[in-house]
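Trainee: Please assemble the complex out of the two chains, which come individually in their own frames, going by the hints.
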Amino acid sequence: MSLKSEGKFVVIVPAYNESGRIASTIAGIRKFSEANIIVVSDGSLDNTADEARQSGAVVIELSFNLGYGAALQTGFKYALKKGYQFAIQMDADGQHDPAAIPALIEPVLKQEADVTIGSRFLGKNEYKSPFFRRAGIIFFAFIASLLTGKKVTDPTSGFQALNRKVMELYASDEYPVDYPDADVIIMLHRRGLRFIEVPVTMKRVIGKVSMHSGLRPFYYTFKMLLSIFVTLLRGKGGGRI
Amino acid sequence: MTLHQKIFALFVGIGVFVVILEMVRSKKLEEEYSFLWLIVGLGIVVLVLWEGLLKWLTDLIGATAQTTTIFIFGLVILILINLHFSIKITKLSKQVKEITQLVAILRINDIEKR
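Chains A and B, in that order, are what the protein sequence lines are. Per our numbering, the very first residue in the first sequence carries number 84; after that it's consecutive. Per our numbering, the very first residue in the second sequence carries number 8; after that it's consecutive.
For reference, chain B alone in the conformation it holds in the complex (with noise of 0.2 Å):
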């Protein structure tokens, strides 16, 4: 990786990991939707100042450009956190449809009464 390259990935990085400690500092986020984000920001520093990881890394792989495996782990962890959100989203609706059944349920017991 040339040094603009380093400079650059570097910034997103730590910007990234900036901004989401800021964001659970200020409860905007929780802390169990921040952790795969924070990966997100470590782990590119990590590689970029490691070059060791990231030349293993990359042979790994099997891509030519150092760039390539930082971009191709950011999308991984994407990938993830997006499956997260699915997974939390089915729970979600899942309680919702159990609550708002439950609540006409509720609510019709008590026209019953009256």
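In isolation and in its complexed conformation, chain A is listed as follows (with noise of 0.2 Å):
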């Protein structure tokens, strides 16, 4: 199967105030795939809609900020409205390698993953984080790891390949709006869906203020901690009344 004239897939790229780095981001994409790019602005207060445009992405620009998880879910209910059966999920700020993108997405071709998760501590990568990121990171993924009964080294990736199915339960109001993590996962694993991590390159960005700074580590592992115990509360159905 050529990717490269593979149309049905779409690229979703949530941006916050990326000009500078849009550009180069689109066109790494286009290095790799010929797919549709869809730019979503959260609420970006600088050029990064216009660059982002005058690269030919579809470009949709929220009014002001949502917040990582709202923005993304914006690009797949969009994808939804247009048919599109494939998506993947990127950033825009080129940590993300777009190199990946052909082994993220064929698994999910291939219908052997509902949703592919690209992870950047499998096989060799010399992923540098902090080391309160790191140690979120492997906390989390143990609990995922626990709870899923699968393997889960990435939980907190945004770089992913999904179908429509996983395309629908990320554009419903089950979807986080913040920050997708280990909840996501695990919401996956109990509506049956099927997932993979797939080995990815990651750099860290320079220049750029992390969305996990300051005292936002304490409220976001608490966040996530509550979040993990009430989607194991609603069940296997979601069961929102």
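Hints may be right or wrong, so weigh each one.
Unchecked claim - Calculated lysine to any residue pairs in the SDA-like style (CA-CA distance at most 20 Å, straight line): (1) A:K164 to B:L67; (2) A:K165 to B:T107; (3) A:K234 to A:A218.
Just so you know, these hints were derived from the structure itself, not from any lab.
Mentor: Rendered as structure tokens:
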């Protein structure tokens, strides 16, 4: 199957103030795929939207900042509306190496998995993360592995390929508006959706304030534990009233 | 309760009740949001005037002073009011998110048509 001619998937890139980086991210994606690219500008205050449009991406502009998860979700809603069967989600800041796109999408196109999650910790990888960040990832990877019975190494990864079934879940109310993490992986598992991890390369982005800085890790850890707990309480069907 | 305490509590209870009623009348406050506030005012007045009920409630919760009962009553209602707001804010945030997403998607269709 030639991925170059594969037009039925779309690449969704949520972006917040990525002026100066977004064009090269789009160019990078183009090197490895001819898929349509949707950039969701999450209330960016700079030229992100214009730069993305000039690079030929479809640009969805949110009127104000809704958060990473909500921006991504907007992309899924649009992709579903447009009838796309498959999608790749990828960060705008250049952290994700687009060379992994073919490897990510292949198992989904072949229906070997409903979603593939790019893991920076599988295989040979030189991703260096700050200590607390790494500790958090290991902790939630452990919980996700425990609850799903599958090996999860990188639950935080926003580099994924997914089919329509997963897109529908991600477009629903169940999807977190801020930072989807281990809770989403557990949700996938409980819905009977098959996920596999695929090794990818991630780079640390220089000159960018991390979305996990300051006191946020504490709030984030608490929020994630609560989110996982209620995901379990909701039961297999989602069970929302 | 001493007369002094009673006068003060009545003053507060009636004050809250009247101010909230006036806000509803002038449409500064929706009826929905006024409900719990009115209960605070009315409840305090009832507890002050109906001494038997206050005494019974005080014994029930194990408080020593009757003023504590009134205080706790107000506190509990305030917690409920805040909870009510948190629920509302959650709902509103969700609605704002949905609308923002929809507007963004509709806007792009608009650009595509042009």
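Trainee: If a hint holds in the structure, say so; if it doesn't, say that too.
Mentor: We went through each hint and held it up to the structure:
{"no.": "1", "hint": "A:K164 to B:L67", "in the structure": "violated (59 Å)"}
{"no.": "2", "hint": "A:K165 to B:T107", "in the structure": "holds (18 Å)"}
{"no.": "3", "hint": "A:K234 to A:A218", "in the structure": "holds (17 Å)"}
In the structure shown, a violation is registered for the earlier hint numbered 1 alone.
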